[in-house]
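Student: Respectively, the protein sequence lines represent chains A and B.
The numbers in our numbering rise by one with no breaks, and the one at position 251 of the first sequence is 251.
The numbers in our numbering rise by one with no breaks, and the one at position 296 of the second sequence is 1296.
In case anyone wonders, no lab produced these hints; they're calculated from the structure.
Take the hints with a grain of salt, since some may be wrong.
Here are the simulated SDA-like pairs of lysine to any residue, each with C-alpha atoms no more than 20 Å apart in a straight line [stated by the list, open to error]:
hint, chain 1, residue 1, chain 2, residue 2
1, B, 1285, B, 1298
2, A, 135, B, 1050
3, A, 135, B, 1023
4, A, 139, B, 1024
5, B, 1002, B, 1172
6, A, 135, B, 1024
Just a sample of chain A residues kept apart from chain B, beta carbon distances all over 12 Å, derived [stated by the list, open to error]:
hint, residue
7, 28
8, 54
9, 230
10, 253
Here a beta-carbon is modelled for each residue, glycine too, at the ideal position from N, C-alpha and C.
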Amino acid sequence: MISIDPSEVRVRANRIRCHIVNMICAAGSGHPGGSLSAADIVGALYFGGMRIDPARPDWPDRDRFVLSKGHAAPVLYAALAERGYFPVEDLVSLRKLGSPLQGHPDMNKLKGVEMSTGSLGQGLSVANGMAMAAKIDGKDFRVFVLLGDGELQEGQVWEAAMAAAHYGLDNVTAFVDFNGLQIDGPVTEVMSPLPIADKWLAFGWHVIEIDGHDIEQVFRAIEESRTVEGRPTAVIANTIKGKGVSFMESVVDWHGVAPKEEQRNQALAELTERRPDR
Amino acid sequence: MKKIATREAYGQALVALGQENGDVVVLDADLSKSTKTIEFKKVFPERFFDMGIAEANMVGTAAGLAAAGKTPFCSTFAVFATGRTYDQIRQSVAYPQLNVKIAATHAGLTVGEDGASHQSVEDIALMRVLPGMTVFVPADAVEVHGAVAAAARIDGPVYIRLGRFPVPVLHGDDFEFVPGRAVELRQGSDVTIIACGIMVAEALQAAEDLSAEGINATVLNIHTVKPLDEAAITRAARQTGAVVTAEEHSIIGGLGSAVAEVLVENCPVPMVRVGVRDTFGESGKPGELLVKYGLTAADIASAVRAVLKRK
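For reference, chain B alone in the conformation it holds in the complex (with noise of 0.2 Å):
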């Protein structure tokens, strides 16, 4: 299968949005090599802004930007697109619901070598609290040209969780983004998995192994987990009676969260969050650190198995 690293993508899309939309500018802090920006830069250099190394300072600018009437998206990676920045994204553009995408890369442990200082796994609960902020996790190249058209018709603030690693593409060039709906995957009576980001290739992979034992799995894609398609979840669950969320993430304030916020009041149901473990992560290859982390499709399988004990 194809692989692609989402923010691969991103930085075509960005070209395709630059193209059709003239109020799109894009901000970076020095990374729009990595960040992939430098695609629309060598296209679009009169609305490319390097506001160097002081994220602070580039998300005002966007909102300054968006209060002007444009539409800009700033990139750098996800550990510093919302950690450092919390503040200005929470005061300059979250309350004043100014159009300002936040397009972070390099989200999660597959950033791999660099280790625990470059790698967000708390970003999607510290963008999901804010009240008005969509949040897009894209699974594969294909949703992220559907997460930046879409985050680009929004008029309000977007946070793009984006990666660093190559991964499967999983859609068509047919596939339709929705924001806020889920994508079903694969239907199964057993056990439901829902999952964002990489993770969606893992619960394909261990719903296929699980299928061997006999065990029939949903797959839910959640490329929007705010507004989180509350429906689906909660139809699902009913339909088969056990859940296991599967995130690059934190399981604390994350997908896994946001689940079982809305299962615990439509649909108890056993649940099981995979993902990390409230702890950082550390330097080492992408797999090897799925692999150490518990991110990987076998994980995905275990939980199930466990979850399927308590049914």
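With the rest of the complex left out, here is chain A (with noise of 0.2 Å):
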């Protein structure tokens, strides 16, 4: 059972999208979109949802979380330098030359990174050899693997999903940040990755159908991927796009450009004023 009290959770989670605004605008780009809409997801992952221990990010029994859309690097950092891997400080040599936080997540460069990812659909695959080797050597870690939407439309990622059900992969659990938004526009209208729970339930796995922003649900979710026997389990997650800033909530043009300072102060501002420990 997951101990820590979700409210302590929203409090880190907002830490956690104010860092993701900071250190895009010092970057002067990156994807703050994709971000803030995992930041509640990936901060649940790293406050509480997996077995892991910043002082030994090579635990050989840690759990494993595969950041499969890379681009939301930011929301991998900013959780990760919270939860003590690495200063918080670090977090603003986003992007710049000879900085551990590369664009996209590079595994040989920052620890707790479990993976280099950043090309789209490859990340399942990853997830599942990680799985099977737990399985072969009687571990009972578990992968955790972050998907997005628009992410759904590489083939990789159904052939990975076909792979994890045929091997009975019951520890891994991937969470599909469905917050609707790609680059060119709504998912539905270039390329539409619809139904999503029904295209994994028909790949043979769990799935479990959850508001993404709602710390306590994420929780369940994971729990009861815990449980599963026999059959990976897929977290389709309903998000917002820019979540917690609201000049970027849904706002397509948000997926990959960097505020300037006046908008940092006002997202900022915003977030401060939310945060739930006030």
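Since each chain sits alone in its own frame, please combine them into the complex, following the hints.
Tutor: If you want it as structure tokens, here you go:
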């Protein structure tokens, strides 16, 4: 059972959002929309959802998190820093020459990053491989992977979905960040991946649908996925792209644009005002 | 001379490796009977995964297995192992430098009757350009055993190019496979023939035929195209003053290109590349294709005569 108080995670998720806005503004480029939509899911995983130890990033029995939608790197970096993997002050080095915080995650440059990602569609295959290794070795670690909804357009995702069910990888939990938008517009207009839940069901997965901004629902999905036997679990998380910053919410153009300083200040003011601990 | 296809040797070498290394796992994409990974499956079913006709996922899965401490070998035909999966190899294997081995069979024109769709003549070029990728092109069954064992010892991505067609066994069992070290099979003073894979046997035959004309050739066998033995190639070029390369691969981007890159910087000498000349193959018997596309001992000998005129 997850013992952490969801209200504490809400505070962390809020801080993760502040880090995201701040670091992308400092970098002058990056992907705020899909980072903010995933902040509650990733926050819940790093604060209570996963069996991890920041002091031992190479611990063989740790749970793994693969950020398949690698352009949301800021949410991963913010969560790692907030969890104590590296100093929060380093977050503003995002995308700068020589920084371990590459534009897309690099597992060899930053401890805690489990897989280098960025080319969409590849993370679930990798998560499956990690889960297969756990099965071979009789280890009980779990592999979590976060996919974008637009990313579901990549054919490799479905190759991997088939394989995970075929090999009964019940130690895999795949979150789909269903924020409904991609670079060129709404996913339903660009290349509809709908119906999403039915597809995962048809591929032989256990499927849970949640509000991806409700920490308690995220925790319940994680706990439920740990109890499912013989099948992997897909968590379809309904989210809002740009969640938490009023002028970014559900706006396509905030997929890959950095806020200017004034916009950052407004965003931070909004996020601070909404801080659940105040 | 005894002939064995390098894919046959691969199946045996995998079993031997599996016995001494419990971390080795093998993945295939519905071609285990052809790639001979089925030999490993027979002995170690719990460490063998058929990933179906889904090569991209196979490579990504191998990356995950490697990230969790395994030493995966992935096999399918070379045309699929490098073409269908190029982005997965680049992004999920080479960039993170994961310990994945891509062992591709049915390379080159000698796939034969299946035709151009199945004849990979670009794979060496595709793999060689990737940072940190080791590229082995074994010339015979003995080198396959060495290459497979060496690949398992290397902590990082390795590509092994294997063939369908039986080729002569060139080495004795005492042969020592040293990654990155060229093997001088014959010494001569007039020209150096540099070959890899199935073209090594052709190069030796060409050298034998040329000796009757009073032309003495050095023959270098390059079982490791990357990292390339630049010192041995430069030394041989300096000693002989002319070079011919031979590969069952496009002359663009493969062994010939790699040798040219070394020589133009270190020891420019007249050079001719024997290989597939910027074209796709076609259906036919392997032997017929080697003749039609200019990949025989006679073609190498002609190239030597031509290059000597430019000395």
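Student: Hints first: check each against the structure and report whether it holds.
Tutor: Verification of the supplied hints:
no., hint, verdict
1, B:1285 / B:1298, "holds, 18 Å"
2, A:135 / B:1050, "holds, 16 Å"
3, A:135 / B:1023, "holds, 13 Å"
4, A:139 / B:1024, "holds, 17 Å"
5, B:1002 / B:1172, "holds, 11 Å"
6, A:135 / B:1024, "holds, 14 Å"
7, 28, "holds, 24 Å"
8, 54, "holds, 19 Å"
9, 230, "holds, 17 Å"
10, 253, "holds, 27 Å"
The structure agrees with every numbered hint stated previously.
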